[in-house]
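Given these sequences and hints, build the entire structure.
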Amino acid sequence: MTDVTRMTAAQVAGLISSGDASAVEVATAHLDRIAAVDERVHAFLHVDRDGALAAARAVDEKRAQGEELGPLAGVPVAVKDVIATRGIPTTAASKILEGWKPPYDATVVERLRAAGTVMLGKTNMDEFAMGSSTEYSAYGPTNNPWDLGRIPGGSGGGSAASLAAYEAPLAIGTDTGGSIRQPGAVTGTVGAKPTYGGTSRYGLIAFSSSLDTPGPCARNVEDAALLHSVIAGHDVRDSTSIPQPVPDVVAAARLGATGDLTGVKLGLVKEFAGEGAEPGVLAAFRESVEALVKLGAEVVEVSCPHFEYALPAYYLIAPSEASSNLARFDGVRYGLRVGDDGNRSLEEVMSLTRDAGFGPEVKRRIILGTYALSSGYYDAYYGQAQKVRTLITRDFTTAFESVDVLISPTTPFVAFPFGSRTSDPYQMYLADLYTIPTNLYGGPAISVPCGLSEGLPVGFQVMAPTMADDRMYRVAAALESAVGTLTPPTLEA
Amino acid sequence: MTTTALPTYEDAIAHYEPVIGLETHVELGTNTKMFCGCPTEFGAEPNTQVCPVCLGLPGALPVANRAAIEATIRIGLALNCDIAPWCRMARKNYFYPDMPKNFQTSQYDEPLCVDGYVDVQIDGETFRVEIERVHLEEDTGKSLHVGGATGRIHGATESLVDYNRAGIPLVEIVTKPVPGLGARAPEVAKAYVTELRDIIRSLDVSDVRMEQGSMRCDVNTSLNRPGDEWGTRTETKNVNSLRSVERAVRSEIIRQAGLLTGGTRIFQETRHFQETTGDTRPGRSKETATDYRYFPEPDLVPIAPDTAWVAELKAALPELPSVKRARLAEEWGISALDMQSVANAGAIELIEETIAAGTSAAGARKWWMGELARRANESGVELAAVGVTPAQVAQLQGLVDEGKLNDKLARQVLEGVVAGEGDPAAVIEARGLGVVSDTGALTAAVDEAIAANPDIAAKIRDGKVAAAGALVGAVMKTTRGQADAKTVRELILARLS
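First to last, the sequence lines map onto chains D and P. Each residue of the first sequence is one higher than the one before, counting from 1 in our numbering. Each residue of the second sequence is one higher than the one before, counting from 1001 in our numbering.
Among the hints, erroneous ones may be present.
[Claimed, not checked] With a straight-line Cα cutoff of 27 angstroms, these simulated DSS-like cross-link-like pairs (lysine-lysine) come out:
| # | chain 1 | residue 1 | chain 2 | residue 2 |
| --- | --- | --- | --- | --- |
| 1 | P | 1142 | D | 101 |
| 2 | D | 363 | D | 387 |
| 3 | P | 1237 | P | 1142 |
| 4 | D | 294 | D | 265 |
| 5 | D | 387 | P | 1092 |
| 6 | P | 1366 | P | 1404 |
| 7 | P | 1092 | D | 363 |
| 8 | P | 1459 | P | 1477 |
| 9 | P | 1404 | P | 1477 |
Derived from the structure by calculation, the hints contain no laboratory data. All values derive from a computational prediction rather than experimental measurement.
See the structure below:
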């Protein structure tokens, strides 16, 4: 049998449903791969071997009894550690939640379980999803399988790296400012941020509530669409969840894979296709645009004049919400408690706990957000940022009056070496320059590999109108059919 | 600082004008909490009515309770408010262990209901209290500090938190500042809270019990010299009864007047009302000014009540207390002023129920506003807690109407009922208090009285019928009041005619 860890999720599901492989065999192969390479990659914070095998056995039993299996039944999936998993450690890569086992499953996890997927474990990330490199994980960074000395992107570097390292065929990420797409770009994998409200946030440990969006990560577009369709859809437990049917993303991906984009109008975001990106990134992007034109797409340049204010607006809105969302980590009810020696006041214990439990980037953003919401500064910072957000949304809606989707590179630069951007937070924040506008608008966007620059993957971003997630899958799949998927180094010893 | 002797209330009012404002919290009686499906029953074992949402566990999200929104809109409508067509919840950020998320989901600059009013009447005069806003928020948990002398956090060896109450929907009703009340300020404050309570009770959205904490009131008070700008206000908390509302305002007026007269400036602070002494004490002073860093709650979609729905709710409002009072005054044949006294005594429902149990309006009112009001007043309890049910009052009056009790005996029977000896019939039986109207038994007493008072008997024989009263009195005396006076009189006249 060929190595199931190199297959697509769709292929794996096919093997299981046809009986050519058992779910237990598939799970075991991936768990063995994790055991073999994760010491070097460090994509996982927790591997749930027993849980994975039990879930795989359940799928095999269902099949043995002739029950119908879902399209991803038995397929392993890795879940970002910011998502609550019942009885399984969930830390958001923070010391403050070390050892915390949620008493409940996130909606996304519930749906993964209901679909018969096999959860392998929890993946590494920047603490509380704040960062673009996983260097801010309290448990050490994840290494990019393309070059173990480079970052795998962030915050969801663990999920993306687990795919590139063939430890898992599918992974769940969360995207607040690019945390699914940018890791996808720099690891040569596919990452999709669904429409905000298209996937439930229930059980996702909040960073920025108005931006956070769970989404699929895979090694190809169709797999991402399959995973998307399993986790998406209205959830009564999330007030911001959209009560509408999920667009048929799988059909759209399959349509795109035929390589025909006749009649599809692509808007090239002028502001994101010039200076600011590495030449190699721009070159790969432009070649991809040519390829899309050859598939019949029409490309027009579109100006989105307010996108340049997206980064500063984001760094006011997201930290503001984070400063409030992270207030609950105080050592009173769960997680870390420091200094409770019977002599210290409650305030001192809270303060010591938060000082010891939060890392430098989390503290930076809490301070930033606390300041931005302060009386006397609210209008100038948080209030102004909300106005910018409205203008950016208007840029999108105006653009979508004349084009079907917007396109840009996913991130201005390829995977950078560890330590090269941690000394200057702004240099790190630039990694999300092209991904952030979508989060502020709330629409869907996908990153798909489009070539290499200096031997490292480059990502191509497709942004679509809200609840038109199918459009981006079509374009991404078409591009994939033209340029092919990328094959990362095997990491064999 | 020199201590100034406190002025009298009259003195204080003679020199200063009070401005009051009231913030009232009402716990809604919804079946489930504001943002989750947990039950809301009072008095359950600590931390048994909790879930990931109301415990604020990482990842949990709120979903607004439609019934709570509906109840808030109905309260707003009953208070003559405008209902916002679109508004948002907001986060009020501060650290406190009884608040699971370290922020309270509340409303800030976009309340659900605005610009209403409540009219209250005192001695026939109407005072309008304007409502600034009615908004919806979630309650916090309850802290229990163990080991300290005061039950406060300072000095406690450990603190326990019960999150059963966390997330119960709470409506906050805020008045605009009410100036120009003069000496009436404490009474108006009490009358307002009473009216508010009655309105909310009529809506059946809360049990509005101050002693159980389902209705809580903070009283703001400031003083200024006539013609001056309004003074600095203090906020008095821990005001746990209607009577305390009046006492708190009164004592704060006296305290502030004393300070101002002595040249001391008033600090904006939170004070606590002391039930036992009737005055206010400073709360724990906050070292830094609180900045709640309010911002719109991103986890909840805006509340946008459909205008048709609001109109439906308005049309379906029950008869409000003021309308009901007017109707009952008419039905009972009493003046608006008398009706106000009935209302102020908290007697409306008691009288209604007594009438429903078969008593005339006059009879029911006589008992509740007379003997029973006197007893309630003497023992410092609410009328409803005086120890007699409307049904018992109806039975009592029924016995009087049947001639089985006279007024004097009825009061004795009532005393027995209050003392817990049972229903009127049981008390009569046990104390042997029935009216003696058996003529055979009375004839002897009548003959005895005639024999003992020959002069009076002679006058009656001469046609001076009015003199019979003296003989009736004598008979009543020998029968220890148990005779039916009417029967006695008839017997005397028959004997001497």
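Hints the structure violates: just list their numbers, smallest first.
none
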